[in-house]
Amino acid sequence: MKILIIYFTMSGRTKKTAEAIASALNNHEMSYLPIELTGKFVEKIKKLDKFENNDYSDIESQLSNLDVSNYGLIIIGMPTYGNSPPKIFNEILRRLGNLNGKMVVIFNTARFTGGKCLDFMKEKIEEVGGRVIDQSKFRKLFWIGTKNAIKFGKQINENVNS
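Take 11 as the starting number for the sequence shown in our numbering and just add one per residue.
Derived by calculation from the structure, the hints in this document are not laboratory data. Treat the hints with care, as some may be off.
With beta-carbon atoms standing in for the labels, derived distance ranges [said to hold, decoys possible]: (1) Glu62 to Asn37: 37 to 45 angstroms; (2) Lys97 to Arg149: 18 to 26 angstroms; (3) Lys54 to Thr156: 20 to 28 angstroms; (4) Lys50 to Ser74: 22 to 30 angstroms; (5) Ser21 to Val142: 20 to 28 angstroms; (6) Lys126 to Asn64: 20 to 28 angstroms; (7) Lys161 to Lys50: 32 to 40 angstroms.
Below 27 angstroms or equal to it, Euclidean Cα-Cα: the simulated BS3-like pairs (lysine-lysine) are [as the list claims (entries may be wrong)]: (8) Lys147 to Lys164; (9) Lys126 to Lys157; (10) Lys60 to Lys26; (11) Lys147 to Lys157; (12) Lys134 to Lys161; (13) Lys112 to Lys134; (14) Lys147 to Lys57; (15) Lys132 to Lys112; (16) Lys161 to Lys132; (17) Lys126 to Lys147; (18) Lys26 to Lys161.
Cβ atoms here follow ideal geometry from the backbone N, Cα and C, with glycine treated the same way.
Build out the structure end to end from the sequences listed, making use of the hints.
Pasting the structure below:
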């Protein structure tokens, strides 16, 4: 099965989690759409502020190639800001268009909160026709490990292979 992993990361936690999940997805063709804010902290905050004002010009080349028609599964990972995903999540969904029953797995990373973020993501994905088949929250104050993410990847693997 062709799988697309879309993730947004500012500190690398969500990227690390996405890569750990992908490492457990055996016998599948993987593609990634990483949206990573790089540079010094101040530069990252400036880019994030642009996203909050619906200015996605810094990542337009990545977003313009967002075509999921050939994928059997889409995995979307987001950090949690408060109890919500960052605003880029809404733009990604807008660019995806109608998902027509396509299988979607969602995950979020958080330091403290995070529970309501998955509920929000699931609701928005279902509004555009996606079918959320699994979800997981990865919460850790400082160092986010890979053990639980690999376990989640194996769980996804079992779900799509059964």
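The hints, checked one at a time:
no.: 1; hint: Glu62 to Asn37: 37 to 45 angstroms; result: holds (40 angstroms)
no.: 2; hint: Lys97 to Arg149: 18 to 26 angstroms; result: holds (21 angstroms)
no.: 3; hint: Lys54 to Thr156: 20 to 28 angstroms; result: holds (23 angstroms)
no.: 4; hint: Lys50 to Ser74: 22 to 30 angstroms; result: holds (27 angstroms)
no.: 5; hint: Ser21 to Val142: 20 to 28 angstroms; result: holds (25 angstroms)
no.: 6; hint: Lys126 to Asn64: 20 to 28 angstroms; result: holds (23 angstroms)
no.: 7; hint: Lys161 to Lys50: 32 to 40 angstroms; result: holds (34 angstroms)
no.: 8; hint: Lys147 to Lys164; result: holds (15 angstroms)
no.: 9; hint: Lys126 to Lys157; result: holds (23 angstroms)
no.: 10; hint: Lys60 to Lys26; result: holds (24 angstroms)
no.: 11; hint: Lys147 to Lys157; result: holds (13 angstroms)
no.: 12; hint: Lys134 to Lys161; result: holds (26 angstroms)
no.: 13; hint: Lys112 to Lys134; result: holds (14 angstroms)
no.: 14; hint: Lys147 to Lys57; result: holds (25 angstroms)
no.: 15; hint: Lys132 to Lys112; result: holds (13 angstroms)
no.: 16; hint: Lys161 to Lys132; result: holds (21 angstroms)
no.: 17; hint: Lys126 to Lys147; result: holds (10 angstroms)
no.: 18; hint: Lys26 to Lys161; result: holds (14 angstroms)
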